[in-house]
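2 protein chains.
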Amino acid sequence: MFGAIEAGGTKFVCGIGDDRGRIVDQITIPTTVPEETLGRVAEYFQNKAIRALGLGCFGPLDLDPASPTYGFLTSTPKLAWRGFNILANLRRRLAVPIAIDTDVNAAILAEHRWGAAQGLHTALYLTVGTGIGGGILVEGQILHGMMHPEAGHVIVRRAAGDNFPGVCPAHGDCLEGMASGPAIEKRWGSKGRDLPLDHPAWDLEAGYLAQGLVTYICVLSPQRILLGGGVMQQADLFPRIRQKVREMLNGYIQRPEIVANIEEYIVPPGLGTKSGLCGGLALAMKATEARKEG
Amino acid sequence: MFGAIEAGGTKFVCGIGDDRGRIVDQITIPTTVPEETLGRVAEYFQNKAIRALGLGCFGPLDLDPASPTYGFLTSTPKLAWRGFNILANLRRRLAVPIAIDTDVNAAILAEHRWGAAQGLHTALYLTVGTGIGGGILVEGQILHGMMHPEAGHVIVRRAAGDNFPGVCPAHGDCLEGMASGPAIEKRWGSKGRDLPLDHPAWDLEAGYLAQGLVTYICVLSPQRILLGGGVMQQADLFPRIRQKVREMLNGYIQRPEIVANIEEYIVPPGLGTKSGLCGGLALAMKATEARKEG
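Protein chains in written order, with this note's numbering: chain V, 30 to 323; chain B, 30 to 323.
Chain V on its own, in the form it takes in the complex (with noise of 0.2 Å):
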């Protein structure tokens, strides 16, 4: 059995289970301080004898192994939470071997290995929750470059007449600022699952949110696009996101999977709401796949 963690601002799920994406148990710890936190998840897997442990992790993370500040959160605007090593954190309480990648990387992988991107080498998964990140393959291979993706901080153009001023502390109206759930919460004074169908939000959401596709399709080219989140549990938004994409596009991109069969190209994730949790698993895999070879 491997372990798993899916830590985000708002809570960490924790869970156990097996190398083909299957979870037997799991729970949920809200995200307050480090130490708290991370206490209950050291309980949590105690004697749960797990061969090792997978953590998708909120960000902005440094996952360069010979930086000095590898498994360190970075510029996270969680402030209790800037700056704390949380690798080296987890590694003292449990002695597992522990593989640490953002949250999004891990259900990209997880997609891959068990859901909607197998048999593809070049896919995007994006959640569109309290934030919006990408986990991204590319022709086979997680990209991490020179830190890794922060997708959701693409550059949109203003719908018109919006004023909103956007709700990222760093960018303000970035895709993220403008489109993610606490965005939406702002801007309306009510949260999207309470907003009802016919609303002008999500006209408006799926607007931006075609906008940052249109970017990546254009940067990336991907074989798919998985979206998943709080926000995409609207599942309204996904026929009005493909219109607006190919519209956009307009006749640019001359794919049948643009062109013809958009439909399977703008997904749900084949894991639903798991995709994060199973990535924990399949990090954790890779884990003992890694000391193997080493």
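Derived by calculation from the structure, the hints in this document are not laboratory data.
Some clues are possibly wrong.
Identical copies carry no separate label here, and so any pair may be met within one copy or between two of them.
Stated by the list, open to error - Within a straight-line C-alpha distance of at most 30 Å, the following computed DSSO-like cross-link-like pairs (lysine-lysine) qualify:
| id | residue 1 | residue 2 |
| --- | --- | --- |
| 1 | Lys273 | Lys215 |
| 2 | Lys273 | Lys107 |
| 3 | Lys315 | Lys40 |
| 4 | Lys40 | Lys107 |
Given chain V, work out where chain B should sit, using these hints.
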């Protein structure tokens, strides 16, 4: 010796070089209609005893070997070339192995072998000229994905008071529409090379290009960005772009490459104006290597 073609919408540069990226001879042929241009290209390579030929080509292109239109130019605004099978045409004329990729993928391949991207695993080569295009290396592999990137067509935000409609036939005011060479010329009634250093064109140009770079940094997390093409011959653009990129990121990406060392992060190509043609050599080398493996 290898043959190389850098095929653009204005001209085809053809050359001969060795496996260390050294060009020993080259010629420029205007881009008119396919039969005429490719006739002259074939004439140049005849009796040159090349082992293989690499074609870095303008696009969009179909680069999927499984596709019935593999090697075709697809939705290019150059109407005489739209839907033209450039790969098959060259193969009919020249009896050597030929490898094809986008002009910018060829360029980043050459920069990775011999230029400013040596030793890196994730890097971007952006050309700013007749069009804007990106060649992308991710974790050591050239990014193709579904098709190939069309990085010049990302969404940008208009500068305050800027009413220029943009020149992109598909999108109007995408990055290419607002900041390519033809956009500068149409906006100011004068080619970029004829505009003085203190002309307001350059601050606007740097702002749009910086927006594109911020988006690429958020999506790709490149270890370095190389900026080439005719417009970037105005070298004063580099410091302006670097400053604006740092301002727009606003401390969110906490990496020494950006915070401390941006002069070595956003740089001219190591091969100067030869990245594209050397890219043809690098592709030709890949064609012979693939043949050996096959």
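Each hint, compared with the structure:
1. In this assembly of identical chains, the alpha carbons of Lys273 and Lys215 lie at most 30 Å apart whether taken from the same copy (24 Å) or from different copies (29 Å).
2. In the homo-oligomer, the alpha carbons of Lys273 and Lys107 lie at most 30 Å apart only across protomers (26 Å), although the nearest pairing inside one protomer, at 33 Å, exceeds that limit.
3. In this assembly of identical chains, Lys315 and Lys40 lie within 30 Å of each other by CA distance solely inside one copy; the values are 24 Å within and 48 Å between copies.
4. When the C-alpha separation of Lys40 and Lys107 is checked against a cutoff of 30 Å, the pair qualifies only within one copy, where the shortest distance is 12 Å, while the shortest distance between copies is 53 Å.
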